[in-house]
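Asker: In case you want the letters, here they are:
2 protein chains.
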Amino acid sequence: MTIAIVGIGLIGGSLAITLKENGFAQSIIGVDNQQENLNKALRRKIIDESASLEEAIQRSDILILAVPVDVMLEILPHVLDEIDTQVVMDVGSTKEKLLEHIQSHSNRRRFVATHPMAGTEFSGVEAAIPNLFDHKYTVICNAQDSDTAAVELVEKMYRSIPMKITYLQAKEHDIHTAYVSHISHISSFALALTVLEKEKDEDRIFELASSGFSSTVRLAKSSPDTWIPIFRQNRDNLLDVLDEHINTLSKFRSLLIKRNFEEFYQLIVEANHIKKVLK
Amino acid sequence: MTIAIVGIGLIGGSLAITLKENGFAQSIIGVDNQQENLNKALRRKIIDESASLEEAIQRSDILILAVPVDVMLEILPHVLDEIDTQVVMDVGSTKEKLLEHIQSHSNRRRFVATHPMAGTEFSGVEAAIPNLFDHKYTVICNAQDSDTAAVELVEKMYRSIPMKITYLQAKEHDIHTAYVSHISHISSFALALTVLEKEKDEDRIFELASSGFSSTVRLAKSSPDTWIPIFRQNRDNLLDVLDEHINTLSKFRSLLIKRNFEEFYQLIVEANHIKKVLK
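If you read the protein sequences in the order shown, they are chains R and B.
No gaps in the numbering here: position 53 of the first sequence is 53 in this note's numbering, and each next residue is one more.
No gaps in the numbering here: position 143 of the second sequence is 143 in this note's numbering, and each next residue is one more.
The set of hints was computed from the structure by calculation and includes no laboratory data.
For glycine and all other residues, C-beta sits at the position ideal for the given N, C-alpha and C.
It cannot be assumed that every hint is accurate.
[Claimed, not checked] Just the calculated beta-carbon pair ranges, DEER-fashion:
no. : chain 1 : residue 1 : chain 2 : residue 2 : range
1   : B       : Asp225    : R       : Asn247    : 24 to 34 Å
2   : B       : Asp81     : R       : His135    : 54 to 64 Å
3   : B       : His105    : R       : Asp203    : 46 to 56 Å
4   : R       : His78     : B       : Glu263    : 25 to 35 Å
5   : R       : Lys164    : B       : Asn22     : 35 to 45 Å
6   : B       : Gln35     : R       : Asn247    : 25 to 35 Å
7   : B       : His273    : R       : Lys251    : 52 to 62 Å
8   : R       : Lys164    : B       : His273    : 30 to 40 Å
[Said to hold, decoys possible] Quick partial rundown of chain R residues pointing at chain B, CB under 8 Å, derived from the structure:
no. : residue
9   : Arg218
10  : Leu219
11  : Phe261
12  : Val269
Use the sequences and the hints to build the structure in full.
Answerer: Rendered as structure tokens:
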């Protein structure tokens, strides 16, 4: 099996490492618009060779698109124009706009929309690591719109990692990810800005920052090139959850102002229920 | 050296383990108003023996108060009433109210106010672990109000762990910790409530929650018994930082509404500066 990975960054690079290591791919072709990324990936032996997108399409069995979601909107129709029996899949964080965009393409059924729920705050091929995806969930969206054989091949690929698979419609996917991923990034970016604004003395932050602070703002290191396109495409869902989050914080604020610590206590007891749903 | 630890929870229990292991303490006396905590600590050999507060005061060289900050306000004056040459220290997260409270006590100079900047989202003696404090910073507050010998003994204790030491006045301490610790907890509690409110399907959260989400809401597992007293004592500073945080989130909201992704991009570039101050 020859796999072409378009976009050799954190996600594309980590998939390349894993699929080569577990033997699912005999050969990995890397495609990237930054020659320097390809050079680094070749030096680290993350990919076997680099190629142009056109050449990669001709020579691969599966094409994995691992580019920012704004670039995805541009290149997916072009890739679908060029393929024959290949399977094309994406690994992006938003789905509704993308699937609307290619809904009527004659090769729509060769495309499988997926979203492996894994990542780190780092980006670029330098950030690619083994085991990033192990035992995590991946989402397959609108499987009914893809050929059964294409979906089965993608499932086989994810199971080889191994990842667990769950199925959602694109609309639901974008709502859920706004809640369990995108708002976490918004919150971290805001917290980092708040603290940087107030704490001009950066040495003091470094000294006093506990592991709790570090874990809460870790995601604020994430790249705007990845996240702004996600926020743009998932704007409506994000606004909905952001309103809810601001309301919750405003309720806390109001309880602090009124010194109503009894009700605040009860809200924290409720928040503690998150224990049940997180490892 | 005999050390009495009052409050055998996450912090008190972890200190007990560390100070026994590194030989700084020959003997650890545990004091706790929950007999069951003492039994667990004895079974895990975290403490050598349990005692009443009165007995522990008589028999120890250093008393470490590791109780919630509301209980601290109650017991510290009582402990200072009873001591002779012993050194008393606290490990609480707020300082201004506590130090005001004992400012005129005749034994004030035997007390050293400290705050080791370490913790986890878990609580109770079950959560006590070795190495919690290694190479982290501890703050000593208002060292000028304590006897030099008392401060030196406490410094020696922290260096034995080993921890690094920094010095602050109580007022500054409470402002800084509002920024680099307390607001992180507020933000996590709010995020957990937001997601639990919107995502009624808890299995779905579990499946879709990425490691990013988990790290952002990890602190929402924290105990209200620990945190409500901290929020109460540090209310004014917390309100200040919470206002700033809500303003930042509201700015994000406004940029999303106006689809001004260029300015949003620039704000994320600024937030990325947190890389410089975090490990």
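Asker: What hint numbers does the structure not satisfy?
Answerer: Structure breaks hints 3, 6 and 7.
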